[in-house]
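Enquirer: Residue numbers (this note's numbering), protein chains in the order written: chain A, 1 to 115; chain B, 1 to 112.
If you're looking for bench data, these hints aren't it; they were derived computationally from the structure. From the three backbone atoms N, C-alpha and C, an ideal C-beta is built for every residue, glycine too. Please note that the accuracy of each hint is not assured.
Here are the computed distance ranges between Cβ atoms for each label pair [said to hold, decoys possible]:
(1) A:9 / B:97: 31 to 37 angstroms
(2) A:26 / B:20: 30 to 36 angstroms
(3) B:71 / A:13: 26 to 32 angstroms
(4) A:8 / B:8: 29 to 35 angstroms
(5) B:39 / A:11: 16 to 22 angstroms
(6) B:62 / A:14: 47 to 53 angstroms
Next come the chains, spelled out residue by residue.
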Amino acid sequence: QQPVQSPQAVILREGEDAVINCSSSKALYSVHWYRQKHGEAPVFLMILLKGGEQKGHDKISASFNEKKQQSSLYLTASQLSYSGTYFCGTEHRAFCAGNNRKLIWGLGTSLAVNP
Amino acid sequence: KAGVTQTPRYLIKTRGQQVTLSCSPISGHRSVSWYQQTPGQGLQFLFEYFSETQRNKGNFPGRFSGRQFSNSRSEMNVSTLELGDSALYLCASSLVGNYGYTFGSGTRLTVV
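Using the sequences plus the hints, can you model the full thing?
Expert: Take a look at the structure:
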């Protein structure tokens with residue numbers, strides 16, 4: 001039930017692009033993306049909803065493929081500040097009735113951006 | 001505006017003891033969730049509270065419990081601590097609906 005993230009780790013040079021994938025074996029209602037730096041709390045990046053549009057801000061964007069039950073996070077022209085561990089969290093239909101919320105998390109993708 | 005506040009930041013407890021962790025959500029956020037984070041298991045959902053009611057619970061033993069107060073502040077309690085309970089415990093709050101979560105800095109619990 002836990003979504004699978006790939007790759008597990010990425011090393012980039014500043015200015016390079018990266019794609020992180022999050023795949024689920026169950027139908028998805030929404031996908032959250034967060035970034036966590038070492039010793040800090042996860043920080044919300046964006047949420048994608050079933051039937052919604054691709055989202056993005058600055059040079060970070062994401063897509064949601066309902067048929068493939070997959071979301072991808074795109075990091076364009078990476079900056080040093082992008083370094084950290086990226087987590088996807090998935091919500092499935094069964095848990096979205098009313099206000100019920102339960103995020104199931106992938107194990108994370110470690111991203112290192114070097115000068 | 002103030003973020004999610006978790007106290008204490010660090011705790012060292014002995015096996016068999018119990019512990020209470022506190023979380024104050026962002027003002028206006030009525031949904032509060034708790035997660036356990038460990039290097040091997042990643043982020044594991046503990047429970048979610050809304051309007052003082054537990055709406056969802058993860059696959060943790062009954063030693064893990066929580067509650068939410070009328071001001072949305074939440075506490076979680078772990079009784080009869082085991083070595084495997086050592087982890088970072090994160091609290092997250094959100095608005096009602098399809099919004100992202102704001103996490104607190106967490107409580108680092110070490111059981112010796």
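Enquirer: Just to be sure I understand the hint, the distance between the Cβ atoms of residue 39 of chain B and residue 11 of chain A should be within 16 to 22 angstroms; is that true here?
Expert: holds (20 angstroms)
Enquirer: If you check the beta carbons of residue 9 of chain A and residue 97 of chain B, does the distance land in 31 to 37 angstroms?
Expert: At roughly 34 angstroms between Cβ atoms, residue 97 of chain B and residue 9 of chain A fall inside 31 to 37 angstroms, so the hint holds.
Enquirer: Hint says 26 to 32 angstroms; check whether the CB-CB distance for residue 71 of chain B and residue 13 of chain A agrees.
Expert: Taking Cβ atoms as reference, residue 71 of chain B and residue 13 of chain A lie about 48 angstroms apart, which means the hint is violated.
Enquirer: Can you tell me whether the CB distance of residue 8 of chain A to residue 8 of chain B sits inside 29 to 35 angstroms?
Expert: Holds, at about 32 angstroms.
Enquirer: For residue 62 of chain B and residue 14 of chain A, compare the CB-CB distance with the range 47 to 53 angstroms and indicate the outcome.
Expert: Holds, at about 49 angstroms.
Enquirer: Look at the Cβ atoms of residue 26 of chain A and residue 20 of chain B and judge whether their distance stays inside 30 to 36 angstroms.
Expert: holds (34 angstroms)
Of the hints listed earlier, the one the structure fails to meet is number 3.
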